[in-house]
Amino acid sequence: MSFSDSVATRTTETPVAASDDNVIRVLGAREHNLRDVSLEIPKNKITVFTGVSGSGKSSIVFDTIAVESQRQLYATFPAFVLNFLPRYERPHAQAIEGLNAPVIIDQQPVGGGPRSTVGTMTDIYSMVRAMFAQFGSPSAGFVYNYSFNVPQGMCTDCDGLGVTVRADPDRLVDRSKSLNEGAILLPGYSVGGGEWQLYGRSGRFDPDKKLRDYSAAEFEDFLYGSGGKVELSFAKGTWKANYEGLAAKFTRTRLQRDTSTLSEKTREQIRRFLTEGVCATCRGARLNTAALATRIGGRNIAEWSAMQITDLIAVLDEITEPAALGLTEAIRVALRRVADIGLGYLSLDRATSTLSGGEGQRLKMIKHLSSTLVGMTYIFDEPSVGLHPRDVGRLNALLRALRDKGNTVLVVEHDPDVIRIADHIVDVGPRAGVHGGRVVFQGGFADLRAADTPTGAGLRREFRVKDSFRVATGELRIDHADVHNLKDVSVGIPAGVLTAITGVAGSGKSSLIRDVFVRRHPEAIFVDQSAIAASSRSTPATYLGLMDPIRKLFAKATGQPAGLFSFNSDGACAQCEGRGVIITEIAYMDPVTTHCDACDGRRFSDAVLVHTLRDRSIADVLAMSAEEALEFFPEKTLNTRLRTMNEVGLDYLSLGQAMSTLSGGERQRIKLATQLHNTAAVYVLDEPTTGLHMSDVDTLLTLMDNLVDRGNTVLVIEHNLDVVAHADWVVDLGPDGGKDGGEIVFTGTPTALLAHPTSLTAEYLRRYKSS
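If you're matching positions, the sequence shown starts at -12 in this note's numbering and goes up one per residue.
There is no bait here: all hints are sound.
Below, in silico cross-link-like pairs of lysine-lysine (DSS-like), each with a Cα-Cα straight-line distance of 27 Å or less:
hint : residue 1 : residue 2
1    : K30       : K392
2    : K543      : K623
3    : K351      : K726
4    : K197      : K236
5    : K351      : K30
6    : K197      : K227
7    : K392      : K354
8    : K197      : K216
9    : K164      : K216
10   : K196      : K236
11   : K354      : K30
12   : K236      : K223
13   : K623      : K539
14   : K658      : K539
15   : K236      : K216
16   : K216      : K196
17   : K216      : K227
18   : K726      : K474
19   : K196      : K227
20   : K354      : K726
21   : K351      : K392
22   : K164      : K236
23   : K197      : K164
24   : K32       : K354
25   : K756      : K453
26   : K164      : K196
27   : K32       : K351
28   : K32       : K392
29   : K658      : K623
Distance ranges between label pairs, derived from CB positions:
hint : residue 1 : residue 2 : range
30   : T661      : A280      : 48 to 58 Å
31   : A277      : E510      : 47 to 57 Å
32   : A585      : S647      : 17 to 27 Å
33   : L242      : T648      : 35 to 45 Å
34   : T276      : K164      : 39 to 49 Å
35   : G214      : A645      : 55 to 65 Å
36   : L242      : P548      : 38 to 48 Å
37   : T143      : T648      : 39 to 49 Å
Since the hints were made in silico from the structure, they are not lab data.
Computed from a predicted model, the values in this text were never measured in an experiment.
Every residue, glycine too, gets a C-beta built ideally from N, C-alpha and C.
Whenever a hint applies, use it, and build me the whole structure from the sequences.
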């Protein structure tokens, strides 16, 4: 097939009817599991896409509409600029018409490195710097003199990071041992080796003396001393080396060199021996003394940045100097936008790397709210993630504001409160994977509630608060927790039951459980929302450890080596190298992915596919869904692991599907699948309903019940009220976020919570129960 032919297979060039100016039209979309989907989406409206996890919502919104919008927008740029932008392939669709310029606000981590903060991300810190440069006293000069990202403003001891990384003596050595007993823990310092001899044969220390018995002067010399020669003995002779203390040498050879060329494994080894602490010079403020000396109203710029945003707004209200009022009002307006989306508990110096996905997504919205651009298409990926029901109302106000300015808003969402405000709803399904990929409903909220779809059924069902509860078998204590905003919190977590940890965003839930409970109970199995570390060739079969047993079964049945049944090794198709597709990239042009004709997309060479197990080739097995594979493999090792996929609701996933194509909800559940079938264990789940449809939540609740019924303790940090109502015990934090949170508001059963007079979670439980 020629290059031009390969392009034609992706997008039909046949002219189509002129598109209505008021709609985005998609014809014949076939990305991932989409089944020739065609639909029209009204412009200048809020359209919400619903459906079970894996049904194809994201394939329509992100992989079809968003990708083509970006691709066409980037095509208007000069070739030189294009070389620095991401490349996008034409989506598998007959035609996509009526597109506007896209603004994609997803759940990808904000990133930005250690120098990125809430203040720098929102550009509010730039205005604050201008405020101090113009109206602070004594002035440090220009605006950039208040920036911790340039030499003129940064603290020179920590390079503007606010923290210093140094070798940790307690990690470098085991003080309970002598040098002869292997006290040095660094790799390459085995007793008698060349590196070890620098200390063991230096004559400075008794090699049989335990390090804990060293005097202060001896230990200082051991770690940081210098001067003198030490004769080292090797097989080929001896030579003299300069003495250098262990910590000093580690710092010079490991920390003060370019680590970018080191492997990740080596960098991880180095990190094991480091400790991070607040910079002693700037005390974490990141700035030099000149910048920190400037004050407005008795506070310096670091103190402004460390304040909770709602408190900083009050400080700005105190400024009455006429010349400063214009800049003051601009900062106040920007800060109020942050507070209005439920993030008033953050501070400007909060590192963006510590933000949750939901917090990062909402902060990305800030810059767009102040934009005067109209006619844009804003695309959101589950913006309600991480939001307490109280804060969903604030989110809805923002979505409406974007629409009312003359923009089109597309939202992939599961939350009924967000679905309710839609002008138009597209329900995708009916189920997931090969059982989905079709538009099963289009219309308004009232009609969706009556529709015969999983979403319609979920919206119709009665909300019920549990009224019978398991009895605890013990208690897991948290005493005097005071990290972040926690205020000397002590609480008991009941063992042997399902406990929900609730509270508004910023109330202290994650601090209490992730930062305190998990550390004090290291035996706990913690399943969080961090990304799955997997290569581009990873599949559910490789992630769950199924491939090795499967290859061994094929090897035993066929007499061939196990490596032959790997598309990453001997069995790979030579044409596509086991990818199943051929990617053609040419400078300044869109990449083109074409189906591999040599293996017909099956990744394996023909010589491999002639070998079968129970009349199925290895490619046939990888094409099976987890549900089919469970029937195909009676072997205990495989059957047990496959059963976990089915138990977490991933029965429709094929064993060979690329992990990169899984939705957020699917990735979360496959992580959980690796941790099932324990007994007498403690499970901690961090918002496991992320990305889950209402019907998928029922599957999750059944799964958690099974874990508890097998004798496990399950803690779940959660906002979803179906989960809260289903728990045996609730620990509610608050009463609000930031400095107004960090306290235990309520502990008890969901039924008792209903009667609590001040809990925000109780208020919304009552609302849902009566709706």
